[in-house]
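Now for the letters of each chain:
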Amino acid sequence: MVTKFIFAGFGGQGVISMGQILALIAMRRGFEVSFMPSYGPEMRGGTANSTVIVSDKKIASPITDSIDVLCAMNGSSLEKFSKDVVPGGFIFLNSGMIKEPFIKPSVKSVYLDPKKMAQALGNEKVANVVMLGAVLSEINIMERGNMDDILEYIFQGKSDDIISLNKEAISLWEKEKHRL
Amino acid sequence: MEERRLMKGNEAFGLAAILGGARYYFGYPITPQNEVTEFMSRELPNYGGFFLQAESELAAINMAYGASAAGGRVFISSSSPGLALMQEGLSGLASIEAPVVVLNVMRGGPGIGNIQPGQADYYQVTRGGGNGDYHLIVFAPASIQEAMDMIVEGFEIADRYTNPVLIAADGMLGQMMEPVTLPSMDKEYSLEKILKTKPWALTGHKNKRERNVIKSVYLKQELLEEHVLKIFEKYDKAVKELPSFEEVDLKDAEIVYVAFGTTSRMVKEAMELLKEKGVKTGLIRPKTLWPFPREAFDGIDKSTKMVVSCELSMGQMIDDVKLSLKGRLPVSLINRTGGMLLTPGEIVERTLKLL
Amino acid sequence: MRAIFEYTKGMRDQETHYCPGCTHGIAHRLIMEVLEEKGKLGEAIGISPVGCSILAHQYMDVDMVEAAHGRAPAVATGIKRVHPDAYVFTYQGDGDLASIGMAEIVHAALRGEKFCTFFINNAIYGMTGGQMAPTTLEGQKTTTTVMGRDPAVSGNPAVMCEMLSQLKGAVYVERVALNSPANIRKAKKAVSRAFEVQEKKLGFAFVEFLSICPINWGLAPSDAMKWLAENMMEVFPVKQFKNPLEVK
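Chains as they are written, first to last, in this note's numbering: chain X, 1 to 180; chain F, 1 to 355; chain B, 1 to 248.
The following block holds chain X by itself, in its conformation from the complex (with noise of 0.2 Å):
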């Protein structure tokens, strides 16, 4: 089972760090996990997007044009990598900056505004850690389980404050998706 993400945004939304903490995560999982980020002036002019493989055997290809999952941050990614996601797939969606509907034949769209989300946990610094939440609650591919141990690995050294923020965070559309 090979399930591939891609998360593509505006530089500063966070998207390589979406794929980083998934990466860490399904590495914490048990999982064979590449990630691979966009990098060079392509990111320093504004989009910037990240692909992580998570497979129960070891990844071939580190890049794909096959996507299962995309997490577009923007108008701009939806464009560029909506016409890659395969049947089966989905498409999360930034409805704070994508405010068109996006249909696609046999792929689920999800529609969600992870900055204004964060902005009610009092920090919008955590809207891609709100998407991601959204990503794992939505897709099956882990068992999501109690993710406190691996935020805690996943963020060591940094206060208690930010990692009970991104404890929050991560699990906040598991918690609200029935009530939007």
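Hints are computed from structural coordinates only; laboratory data are not their basis.
Beta carbons: idealized from backbone N, C-alpha and C, even for Gly.
Keep in mind that a hint or two might mislead.
[Claimed, not checked] Okay, derived cross-link-like pairs now, DSSO-like style, lysine-lysine, Cα gap no bigger than 30 Å in a straight line:
hint	chain 1	residue 1	chain 2	residue 2
1	B	Lys-201	F	Lys-196
2	F	Lys-280	X	Lys-57
3	F	Lys-206	B	Lys-239
4	X	Lys-58	F	Lys-251
5	X	Lys-57	F	Lys-196
6	F	Lys-196	B	Lys-242
7	B	Lys-201	F	Lys-198
8	X	Lys-57	X	Lys-108
9	F	Lys-208	B	Lys-9
10	B	Lys-201	F	Lys-193
[As the list claims (entries may be wrong)] The following residues of chain X were derived to be distant from chain F, with all beta-carbon distances above 12 Å:
hint	residue
11	Arg-28
12	Ser-50
13	Asp-65
[Stated by the list, open to error] Here are some chain B residues pointing at chain F (derived, C-beta under 10 Å):
hint	residue
14	Gly-42
15	Arg-71
16	Ala-103
17	Ala-108
Fit chains F and B to the given chain X structure using the hints.
Relative to the frame of chain X, chains F and B by itself:
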């Protein structure tokens, strides 16, 4: 089993060098390998090592030349245009028979090119960009873990052959992250201990031995020829001992791909996709680019109709593929260049066109 | 009977390839004499350049390595990192140091590398047969400036001591001349001070030797000595530019 940790390629390469005993690093910033230089500046002093940012790649390789001639265990890194500047020093190091491990995180060329991944340094690293008769021993890792293992082993091989060893990675491997298990660091790398194994090193003669002279000038042609022949005895040995490759599904394969480094991973995924379409393919992945694993091609099955070299260049390794096949089979090229990547989908599409 | 003069221990018992009247032999001997007197021949590591003195390692009886053209300061930097207590020196001509190796020497000085550089300035390329050097004087005829060096075309002579003495890391900078017994004695003192600066790890030490090249200048050795005094010393004044206080 030791805990896996998720590491960025460039940082993992630096850590592997330290674990492999490197205590001297000289570098000049160039993308996409800057994290190696930054990592070494941060970490090497913690292991009793020395980091120095050189004024140019030219200076860096010559600092490495001095440190290696003085008996130190030396690691340096750069990317394609920077490696071009180091060619003078690499030719010199091969001639003075000094060990050093050089990492090339390859990017798009020619000229300044760009900072995206590339494999168009194949000629530069295997054919000797420097002057004269010499070879670099060249390893091509396909994963971060393999790169770490090759770097650690590279120091042993560089010492054994008293010759530079080059690790040909690319920007993708440098920038991506994968879980790795650290190579063990069970050896002691004190300078004192290392110097005992290098009686030729410059230390000052201490009035206890004849002076050591390390040189590559031989003004008498007979002596230079003799010197080159002596170096090539080592290369003959390397050709026997070092070639290494991975082979996948050669039996019954209709098409056999040849790909090194990260490109081989895209090929592996393309092979799965082609299997679903009923096309049987195999892969030969050279792990050493010099010496090139020619014997790998003896394992090609009678079922095979065509060999395809997959490269991020206009076709450079394909020369070695053809030399290895000795005309037995037609050879095609599937490639991208200029920093573009071959995706599994594109490999499938272009393979189907070849059939 | 008491010996009043002996062959310099640091020099190997071997004829050199230098041309008649060349001052390389004097410079070699001064460096080896100083190391001998300090009892440090066994601690010395020398780097020979590309140029006439490419074979210096055949004559100096210490551990030596040859560097690619101009790169001796980078090579010395690497050696000094491995053996910080060794007496490391580069021996470089004007083409090697002031032309192709300008970046390496300037950056070694900027870093305050703790080794010595002995710079042989004879205002011409010797080994390749008399072409213009970066230190060739204005109007001086060479095989690549047959009408004389024209600053409008090929610039002005490189004044290395003046340049390097501007840099904080170059703590000892002196220009000497090898054209008379008195000047040679002064030159030896400069070599000795340069090694003392290295011994005390004070920074980079640089000694420039005004030298002659009778063959490529087309002069008899005695005339060459005169030419040096009359022409070179005006552009390249003999003086001590910098001497850290710690050294007496």
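Against the structure, the hints:
no.: 1; hint: B:Lys-201 x F:Lys-196; result: holds, 27 Å
no.: 2; hint: F:Lys-280 x X:Lys-57; result: holds, 21 Å
no.: 3; hint: F:Lys-206 x B:Lys-239; result: violated, 34 Å
no.: 4; hint: X:Lys-58 x F:Lys-251; result: holds, 22 Å
no.: 5; hint: X:Lys-57 x F:Lys-196; result: violated, 45 Å
no.: 6; hint: F:Lys-196 x B:Lys-242; result: violated, 40 Å
no.: 7; hint: B:Lys-201 x F:Lys-198; result: holds, 27 Å
no.: 8; hint: X:Lys-57 x X:Lys-108; result: holds, 26 Å
no.: 9; hint: F:Lys-208 x B:Lys-9; result: holds, 15 Å
no.: 10; hint: B:Lys-201 x F:Lys-193; result: holds, 26 Å
no.: 11; hint: Arg-28; result: violated, 9 Å
no.: 12; hint: Ser-50; result: violated, 9 Å
no.: 13; hint: Asp-65; result: violated, 4 Å
no.: 14; hint: Gly-42; result: holds, 4 Å
no.: 15; hint: Arg-71; result: holds, 4 Å
no.: 16; hint: Ala-103; result: holds, 6 Å
no.: 17; hint: Ala-108; result: holds, 9 Å
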